[in-house]
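Asker: These are the residues of each chain, in order.
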Amino acid sequence: NAGVTQTPKFRVLKTGQSMTLLCAQDMNHEYMYWYRQDPGMGLRLIHYSVGEGTTAKGEVPDGYNVSRLKKQNFLLGLESAAPSQTSVYFCASSRGDQETQYFGPGTRLLVL
Amino acid sequence: GDSVTQMEGPVTLSEEACLTINCTYTATGYPSLFWYVQYPGEGLQLLLKATKADDKGSNKGFEATYRKETTSFHLEKGSVQVSDSAVYFCALTSYDKVIFGPGTSLSVIP
Chain A
3 NAGVTQTPKF RVLKTGQSMT LLCAQDMNHE YMYWYRQDPG MGLRLIHYSV GEGTTAKGEV
63 PDGYNVSRLK KQNFLLGLES AAPSQTSVYF CASSRGDQET QYFGPGTRLL VL
Chain B
1438 GDSVTQMEGP VTLSEEACLT INCTYTATGY PSLFWYVQYP GEGLQLLLKA TKADDKGSNK
1498 GFEATYRKET TSFHLEKGSV QVSDSAVYFC ALTSYDKVIF GPGTSLSVIP
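Chains A and B, in that order, give the protein sequences.
If you're matching positions, the first sequence starts at 3 in my numbering and goes up one per residue.
If you're matching positions, the second sequence starts at 1438 in my numbering and goes up one per residue.
None of these hints come from the bench; they were simulated from the model.
None of the values given here were measured: they were computed from a predicted structure.
Backbone N, C-alpha and C fix where the C-beta goes; we use that ideal spot for every residue, glycine too.
Among these hints, one or two may not hold up.
Stated by the list, open to error - Using 30 Å as the maximum straight-line C-alpha spacing, the simulated DSSO-like pairs for lysine-lysine come out as follows:
1) 1489(B) / 1514(B)
2) 73(A) / 1534(B)
3) 72(A) / 1534(B)
Said to hold, decoys possible - Coverage of chain B stretches by chain A, computed from C-beta distances (three or more under 8 Å per stretch; other residues unrestricted):
4) 1446-1459
5) 1533-1541
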């Protein structure tokens, strides 16, 4: 039981490049979330999903897209990376909206 | 909208000192309340939770009571250890989402 895993752990991009971050959970959770964490800003919700095939915008969705084609996976895409997207990205999952969130170890992204 | 406010850090304490991290919230409805902890280089993990008014969550010597009348969920520990050094986040559920406070960094020195 691996819980929530994230791939990759660290990535360096040049401005304008694209990439996809993968989140996988093996707990059969319905809800999945993508956050970014920046110094002094706490956690900010980017996008989330309440079930397979559904996605919704969070607090800071601009510049990101997501997909939830399979229940266990939640992908976060950056179509054209910008230095402002340099951050640590965390994925989380939960059984429901009042339930505990389980977090992955994070992905450090540096955009030059 | 719903929100969480918690005391700004960083907080530095000596080992065996008492800890209180204040957390207040604004919410419609009846949210669940959480404290999450983030150790250096790791993701967040649940420390404790409370799902209704007057519930007390507890774990690893930490406690917090859901106070609806004061809209608070303060985190307390009677005697901190060096291993408690981490960032602590207060959070509440809001419809399909969880709203996190900004985090409070705690450093415990021997």
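Asker: Does each hint hold? Answer for all of them.
Answerer: Hint by hint, here is what the structure shows:
1. 1489(B) / 1514(B): 21 Å, holds
2. 73(A) / 1534(B): Distance ~18 Å between residue 73(A) and residue 1534(B) Cα, so the pair holds.
3. 72(A) / 1534(B): Distance of about 20 Å is within 30 Å: holds.
4. 1446-1459: With 0 residues closer than 8 Å to chain A, the region 1446-1459 of chain B misses the three-residue bar; violated.
5. 1533-1541: holds (count 7)
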